[in-house]
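Participant: Heads up: the protein sequence lines correspond to chains A and B, in order.
Numbering-wise, this note's numbering comes out as the position in the first sequence, counting from 1, plus 1.
Numbering-wise, this note's numbering comes out as the position in the second sequence, counting from 1, plus 12.
Hints are computed from structural coordinates only; laboratory data are not their basis.
From the three backbone atoms N, C-alpha and C, an ideal C-beta is built for every residue, glycine too.
Among the hints, erroneous ones may be present.
Partial selection, computed: residues in chain B whose CB lies under 7 Å from chain A [to be verified]:
| id | residue |
| --- | --- |
| 1 | 119 |
| 2 | 136 |
| 3 | 140 |
| 4 | 145 |
| 5 | 146 |
| 6 | 149 |
| 7 | 220 |
| 8 | 377 |
If you want the footprint, here are the derived chain A segments under chain B, 3+ residues with CB under 8 Å [said to hold, decoys possible]:
| id | stretch |
| --- | --- |
| 9 | 14-20 |
| 10 | 30-38 |
| 11 | 44-50 |
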Amino acid sequence: MSSVLLAAAPQNLPEGLAGALVLLLLGMTVVFAVLGGLTLLIWFIGRVARDRTSEAAAPAGEVERAAPVPAEAAGSTGKPEAASGARVESAGGPFTPEELAGVAAAAMLEASGRTVPAGGPFTSAEMAGVAAAMREESSRSIPAREPFSSAELAAVGVVVEEAVRRRTAGMPAGAVVEVVRTVVESPGAGRWGAAAFAGRGSAGMPVLRRG
Amino acid sequence: MSDFLGWVGELWRTMGFENLVWQQPLMWCIGGLLIFLAIRFEFEPLLLIPIGLGAIAVNTAPELVAPPAGDAAGGLYHYFMYGIHLELFPPLIFLGVGALTDFGPLIAAPYTFLLGAAAQFGIFVTVVGAVWLGFTHQEAASIGIIGGADGPTTIFTTAKLAPHLLGSVMVAAYSYMSLVPVIQPPIIRLLTTKQQRTIRMEQLRPVSRRERVLFAVVSMVLCSLVVPAAAALFVMLMLGNLLREALVADRLSKAAQNEIINIVTLLLGTCVGMNMHYSMFLTWGSLKILLLGAVAFAFATAGGVLLGQVLCRLTGGKVNPMIGAAGVSAVPMAARVVQRVASAEDPECFVLMHAMGPNVAGVIGTAVAAGVLIAILQ
């Protein structure tokens, strides 16, 4: 393939601006060809993978939402990834509203130096890890931290940052309002999320402790 | 007494004061400025601190990079510098980048590859501009690659095509990368309407482990076949990603994400700083490179947004054109900038995950662009 690329280039690149323009045309063509080829390949791979997934899921019928995964089923670390797409609906990035609320609350607790309880499908240690990552995320790229990828953490980071920034008179705005409202309306978890946002600690949480 | 004075004189001559020239304190100030920016404003601190200190050090004790002479060994950084000249550091950084990168958003929305490709426009436009300003094609390519916003690829390309520009090009590249939040928003706002900036995109589908593993292998093979000049980058990037996505090599994945990339970043940063000796850095060429670096970033952002506009029209307004700006491969800073611009217009508009697609595509796109330039110009 490289010989194709080199054959496409003039044997002797013209001097000066003419040569630079050749580089511009040839370079953009190759970049679009390679990334365009990858687009098609990945689209094809994704389509095949989705077809297989839907075939496998067909006997069980339409699953609207994945159920919480027990720690044993998810492996020793309880990674959500092991549940193969346990996060379906989302208020921000790949997270469900409850997960986001839990993480947001954890970030608040962690920032105030308190122990972060388990929340949603996550252990206390996982939640503390995410909360600590929130602080790192404020100014630079964040490393992946089990069980989250850096992209997922960045997504939550923006939501939490927004929540904290806009938390005036105890009322966060935007999607986080929805998240908090969702959590508040559900017993147990709601008390935890609301209490954390109000800065009153864990208020008897967690009711969603895993395992 | 005269013996004592003679001894003091000898001692004085062994010190660095005698040959001190005015350019050295100036370079100390420049190095100090980089450290100040890193600490005060947190501009790329992991890189600007070692670069700044390296710049001060080499302009204080040039012996640090001196080659061996006779029986005397060379300076410590003369040997570390082999990591750049032999192109060891950039692929090792790519190993860590691969282990840290989640290609999920890109796999879920493959069309975002095209946005990553469009953002490479800045590289090639800058090549034209640099040639117009009198640089050779090789030098122009090294300057143009700044527009990719990818430090390791910039080093990889410059070390091959124009090693004498390494210091200036690297300082420009990392300075502008840290200024992405300042450079991009005005360009994004200029090229999009408020209505477009508030387009809410559909939730990305979950991506299976099988897809992630296949992506790493297939893209590595394809890119290495087409542009073998940059194969070292592709192989290491995808090796790191494969370690991460395989979920069975956590120890190696974590080492790549932490120890390896941290050690190499330290060495690379100081080596880049050591390339900033005043004799190479205080030139008109350096000023031109700084100017061209800004041009490269601006055109890269514009290229991505303009293709985003095309996709927006083609999809009937389902694609927020701003995500094209994330096609420059400053991961994840460019994507976060897009999210912040979106949030400023509509607090409930979440495009971060969608912007991560072109963002990581930009990493691959910049490596492809570098491979093309190296293949033609080396």
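Participant: For this structure, which hints from the list above don't hold up?
Facilitator: Numbers 4, 5 - these are the hints that the structure violates, sorted from lowest upward.
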